[in-house]
Amino acid sequence: MNPLRVAAVFRRIVAQFRRDPRSLALLFVAPLAIIALLGWVLGSQSAASARIAVVNESANAGAGTVVTRLQSALEGQPGITMVRSVADDSTARQMLKDKQLDLVVVLPADFSLQSRKIDVLTLGINPTGEYGALPAIQKALISAVADSSVGGALPTVERTTVYGSPNATQLDSLAPVVVGFFAYFFVFILTGISFLRERIGGTLERLLATPVSRAEIVLGYSLGFGFFATLQVAIVLAFVLGRLGIPALGPVPTFAIGLGVHTAGNPLLAYLLVLVLGLGAVSLGIFLSTFARTELQILQFIPIVIVPQGLLGGFFWPIEGLPNLLQPVARVLPVTYAIDGLRQVMIAGADLGSPQVLLDLGVLTAIAAVFVVLAAATIRREVA
Amino acid sequence: MTFAATPQPAVEATALRKDFGEIRAVDGIDMSLPPGRIYGLLGPNGSGKTTLIRLLMGLASATSGTVKVLGVEMPSRANLSRIGYMTQADGIYPELSVWENLTFFAALYGQTDKTQLHAALELVELDTRANTPAQNLSGGMRRRLSMACALAHHPTVIFLDEPTVGVDPALRVQFWEHFHRLAADGATLLVSSHVMDEADRCDELLFIRDGHVLAQGTSAELRRRAGTDNIETAFLWFATDLGAATGAGATSATSPKETSR
Numbered sequence: 001m002n003p004l005r006v007a008a009v010f011r012r013i014v015a016q017f018r019r020d021p022r023s024l025a026l027l028f029v030a031p032l033a034i035i036a037l038l039g040w041v042l043g044s045q046s047a048a049s050a051r052i053a054v055v056n057e058s059a060n061a062g063a064g065t066v067v068t069r070l071q072s073a074l075e076g077q078p079g080i081t082m083v084r085s086v087a088d089d090s091t092a093r094q095m096l097k098d099k100q101l102d103l104v105v106v107l108p109a110d111f112s113l114q115s116r117k118i119d120v121l122t123l124g125i126n127p128t129g130e131y132g133a134l135p136a137i138q139k140a141l142i143s144a145v146a147d148s149s150v151g152g153a154l155p156t157v158e159r160t161t162v163y164g165s166p167n168a169t170q171l172d173s174l175a176p177v178v179v180g181f182f183a184y185f186f187v188f189i190l191t192g193i194s195f196l197r198e199r200i201g202g203t204l205e206r207l208l209a210t211p212v213s214r215a216e217i218v219l220g221y222s223l224g225f226g227f228f229a230t231l232q233v234a235i236v237l238a239f240v241l242g243r244l245g246i247p248a249l250g251p252v253p254t255f256a257i258g259l260g261v262h263t264a265g266n267p268l269l270a271y272l273l274v275l276v277l278g279l280g281a282v283s284l285g286i287f288l289s290t291f292a293r294t295e296l297q298i299l300q301f302i303p304i305v306i307v308p309q310g311l312l313g314g315f316f317w318p319i320e321g322l323p324n325l326l327q328p329v330a331r332v333l334p335v336t337y338a339i340d341g342l343r344q345v346m347i348a349g350a351d352l353g354s355p356q357v358l359l360d361l362g363v364l365t366a367i368a369a370v371f372v373v374l375a376a377a378t379i380r381r382e383v384a
Numbered sequence: 001m002t003f004a005a006t007p008q009p010a011v012e013a014t015a016l017r018k019d020f021g022e023i024r025a026v027d028g029i030d031m032s033l034p035p036g037r038i039y040g041l042l043g044p045n046g047s048g049k050t051t052l053i054r055l056l057m058g059l060a061s062a063t064s065g066t067v068k069v070l071g072v073e074m075p076s077r078a079n080l081s082r083i084g085y086m087t088q089a090d091g092i093y094p095e096l097s098v099w100e101n102l103t104f105f106a107a108l109y110g111q112t113d114k115t116q117l118h119a120a121l122e123l124v125e126l127d128t129r130a131n132t133p134a135q136n137l138s139g140g141m142r143r144r145l146s147m148a149c150a151l152a153h154h155p156t157v158i159f160l161d162e163p164t165v166g167v168d169p170a171l172r173v174q175f176w177e178h179f180h181r182l183a184a185d186g187a188t189l190l191v192s193s194h195v196m197d198e199a200d201r202c203d204e205l206l207f208i209r210d211g212h213v214l215a216q217g218t219s220a221e222l223r224r225r226a227g228t229d230n231i232e233t234a235f236l237w238f239a240t241d242l243g244a245a246t247g248a249g250a251t252s253a254t255s256p257k258e259t260s261r
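These protein sequences, in sequence, are chains A and B. Note that my numbering numbers the first sequence so that position 87 is 87, with each residue one more than the last. Note that my numbering numbers the second sequence so that position 172 is 172, with each residue one more than the last.
Read the hints as simulated data drawn from the structure, not as lab findings. Each residue gets a CB set at the ideal place from its N, CA and C atoms; glycine is no exception. Incorrect hints may appear among the rest.
Taking CB as the label site, the calculated pair distances span [to be verified]:
| id | chain 1 | residue 1 | chain 2 | residue 2 | range |
| --- | --- | --- | --- | --- | --- |
| 1 | B | Asn45 | A | Gly362 | 52 to 62 Å |
| 2 | A | Val29 | B | Thr66 | 46 to 56 Å |
| 3 | B | Val195 | A | Arg22 | 37 to 47 Å |
| 4 | A | Ala33 | B | Gln116 | 38 to 48 Å |
Computed far set for chain A versus chain B, every beta-carbon distance over 12 Å [unchecked claim]:
| id | residue |
| --- | --- |
| 5 | Gln77 |
| 6 | Pro108 |
| 7 | Pro267 |
| 8 | Arg331 |
The task is simple: from the sequences and hints, build the whole structure.
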């Protein structure tokens, strides 16, 4: 191992990037733009307005009181517009179809203060979005029925969580995932394409005709792309965790840069996790570039390599919730461990003393090591 | 030019064979090239020239047979620092400047002497283009940069795979003048080409076809044996069965260097 040769490879990669503004933009601007968009969408979701009507189909004496109280309780909720003049269930259904209503609370014909069964009616086209107002309705319902003198003994329902707060937005739980995932994705794509160009451009042939060793090439690449991954993750983490208020200036209103997501644990530990993940992605990129002949074929690895990690890695669903057959698959994907580790650190506030975080770090390191060996093995692979 | 009684060959191959699946790209080549000369590797496209060069450098692993360069059995990573290789493709980084390309490859060879690097650039007349990105160079300039990258570390054995393809005639003359200076300084050059009119510029020729060395000798000698003045006709004569029979004898009989010029 000759440090001078490793340094030469490292310096060359940095120089190449400096002269390739588009790749730099992909590395630094694209993740920020996507995360900012995500923050914008998710952050404003609680304020999504819902038009709600309460319909009474019941002849029960107490039902009228419940309806009135429900309506006034709902009216106090942010983002909820009460539509009062809805006569019955069928009118409500029509108004849902006509997009005049988003959600209808129905006290059914068999409603009684004993059963307290109510129905919630939505259009059903986008169930997740349509039920966005449900927590507000539950809250209003509890207060409505509790206030009602006829209510009797009600179970008090209150949401509590061990970590974070019950008011945590989707953004808080997604932020760790997004940080890890983007680092992996961009580093993989850029290394893959960059090394593919070495292979098809004849420069790899030339590299191998020099005394440089495979280990020196892989190490130089890891340092070069690791350097940019380091910068990228630092910027992305700063953007996700920080929040810089910009005061109003002339016609520009007050706005904030950064998402201001709260991290319970040490940001440096989160950083370390993403870095190890990124180093694995460098070697994966080198390794998979063997199996591609064109840049387009590198992009074809996205649905094979990147998308499954997004689906199975705990991005949307917990691993434990996956079908039994898919669970072992998820457990060999590096992103799974990065997401778990990042959530442990950023949400649960785990530190290096946590066996869970140590396991995640250990597995990520092992996966990176395996791909370093695989990458090195493919470098002398003969090209006919 | 005189040599010691048994000069160590710069490049030596014994029963070298390379199969790509069913295809036999190099089929039992024996060669022994004494140092300080320019050897022309002549043959049509697909005759196995590039594969042979890659085998000689240890970039491809031989199916059987051995290769020694400067007395060291290949592949040997350490030995590569004494070897220069100009690939058929330019093999330079288009985003990097001329200077960055040169310093990168030189650093891998352990050559960090800036005076030497500047001299290498001057030699290929790119000294005024040092800061130009390689992608903005003309095809001929890229070829020259590629050559500078192959020679900046002063190799003793130099493999040049079709170095003059796409190079204009004036520059081609300069290339060859430079090759002869290198050989005069003791370097051994193996230059592949499918352009037969470059044959006369080499000290010695190796006719290659279908992974065989058809014949080896000076241009004049080979033409005389084939009974023609034209090197192309000579090649075709050796490529026939009759020529192959006579040529095969010549291949193994090259070690005693009767070919002084």
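Verification of the hints:
The hinted range of 52 to 62 Å is satisfied by Asn45 (chain B) and Gly362 (chain A), whose Cβ atoms lie roughly 53 Å apart. Checked against the given bound of 46 to 56 Å, the beta carbons of Val29 (chain A) and Thr66 (chain B), roughly 54 Å apart, stay inside it. For Val195 (chain B) paired with Arg22 (chain A), a C-beta distance near 39 Å keeps the hint of 37 to 47 Å intact. In this structure the hint that Ala33 (chain A) and Gln116 (chain B) lie 38 to 48 Å apart at CB holds, the actual value being about 47 Å.
No beta-carbon of chain B comes within 12 Å of the beta-carbon of Gln77 (chain A); the shortest separation is about 56 Å. No beta-carbon of chain B comes within 12 Å of the beta-carbon of Pro108 (chain A); the shortest separation is about 69 Å. Every CB of chain B lies more than 12 Å from the CB of Pro267 (chain A), the least distance being 34 Å, so the non-interface label holds. For Arg331 (chain A), the non-interface assignment is confirmed: its Cβ lies about 37 Å from the closest Cβ of chain B, beyond the 12 Å cut-off.
Taken one by one, the earlier hints all hold for this structure without exception.
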